[in-house]
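With the sequences and hints as input, model every part of the structure.
Listed below, chain by chain, are the residues.
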Amino acid sequence: MSTEKDIIETNVNITKAPEGIEGAGFFATSLDQVVGLARKNSIWPLPFATSCCGIEFMATMASHYDLARFGSERLSFSPRQADLLMVMGTISKKLAPVVKQVYLQMAEPRWVLAMGACASSGGIFDTYSVLQGIDRIIPVDVYVSGCPPRPEQVIDGILRVQELVGKESLRRRNSPEYTELLASYGIE
Amino acid sequence: MENVTQEIGKELQDKFGDAIVSQSLIIDFPTFVVKKEKILDIMNFLYDFELYKFQFLTSLCGVHFPDNVKEEEYSVVYQLHDLVRNQRIRLKVFTSESQIQVPSVTSLFSTANWLERETFDFFGIQFTGHPNLVKILNMEDQPYFPMRKQYPLEDGTREDKDDSKFGR
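As you go down the protein sequences, you meet chains A and B in turn.
Under the numbering used here, residues -1 to 186 are what the first sequence spells out, in order.
Under the numbering used here, residues 177 to 344 are what the second sequence spells out, in order.
No lab work stands behind these hints: they were computed from the structure.
Treat the hints with care, since some could be wrong.
Below are the SDA-like pairs computed for lysine to any residue, each with C-alpha atoms no more than 20 Å apart in a straight line [stated by the list, open to error]:
hint : chain 1 : residue 1 : chain 2 : residue 2
1    : A       : Lys91     : B       : Pro319
2    : A       : Lys165    : A       : Gly18
3    : A       : Lys91     : B       : Glu316
4    : A       : Lys92     : B       : Gly332
Model, not experiment: these values are computed from the prediction.
Here you go:
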């Protein structure tokens, strides 16, 4: 007969504790890892959906694919509370300043995921009116390929973001390299 | 449909004379090329025309013909519709780049407001008398009129495209 403890250990997925030193009544590890663990499993995405990729994202959020399984069920429609900007769809040059403003309104630490061919590179729209990839105006952490990507690919993209979030050093956002990266996009 | 073209053409000739440059039937669409100075008068006339009352402006757009003679390089095409008798006609005016002004028809059709802004945005045609002739679809600082044929369709900032791989 299995105990309650066994059932929890076999049937419920709980995120693993980081490496550390364990003893009677204490557990010691680095702050980086604890904060990373908390952040990566509670990413609040801000959906910036402009076309068909947005429809795929709706499927990703809905019950069948259920992004909530990865701790991202809470979409933030205010950039100030969001951790992850998900740009999904064609961004025209007229819309580019809006995307940039949304990015600037997000609080640090912030990550960006470019979903689909259009957001990543302009896609089939190699034309005077379309921005040829959002990385021309803001730094992008993860690109998801596809036109549009399947929900599985979006989930994979989110997991890659989680990997980055979990491993990020707490000092990164204060480093000169990061300041330089932002400065290359004209962001103070 | 030929007799409709003749019928309307005769009335227009009687009223405006030289201002009607030519008339033709393109498939089933009576088409009149008119002098741009008279376009608003002609539209006002057709609005309260005896035979047909063209009281609906379906569409208005610009066209660039880079191979035409300089005086007829740019065109504005108007499509009018008589909703009662279900009759449609097309009016065309031609203009040159140096005299790109065309009278606005916003005083007659409010729908022409945005259509003329769009035509200005893409072809740079100046509609005189338009209440607010500013760009509508392109970004505000677009430095040129992109539908003019001398400008490339593709984005000029791409460096990863090798022309030879696109058969050019």
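Status of each hint after checking the structure:
For the hint pairing Lys91/A with Pro319/B, the CA-to-CA distance comes to about 13 Å; that is within 20 Å, so the pair holds. Between Lys165/A and Gly18/A, the direct Cα distance comes to roughly 15 Å. Compliance with the 20 Å bound is thereby established for this hinted pair. Under the criterion of a C-alpha separation no larger than 20 Å, the hint pairing Lys91/A with Glu316/B is consistent with the structure, at around 10 Å. Among the hinted pairs, Lys92/A with Gly332/B is consistent with the structure: their alpha-carbon atoms are about 16 Å apart, no more than 20 Å.
Violated hints for the displayed structure: none, as all numbered hints are satisfied.
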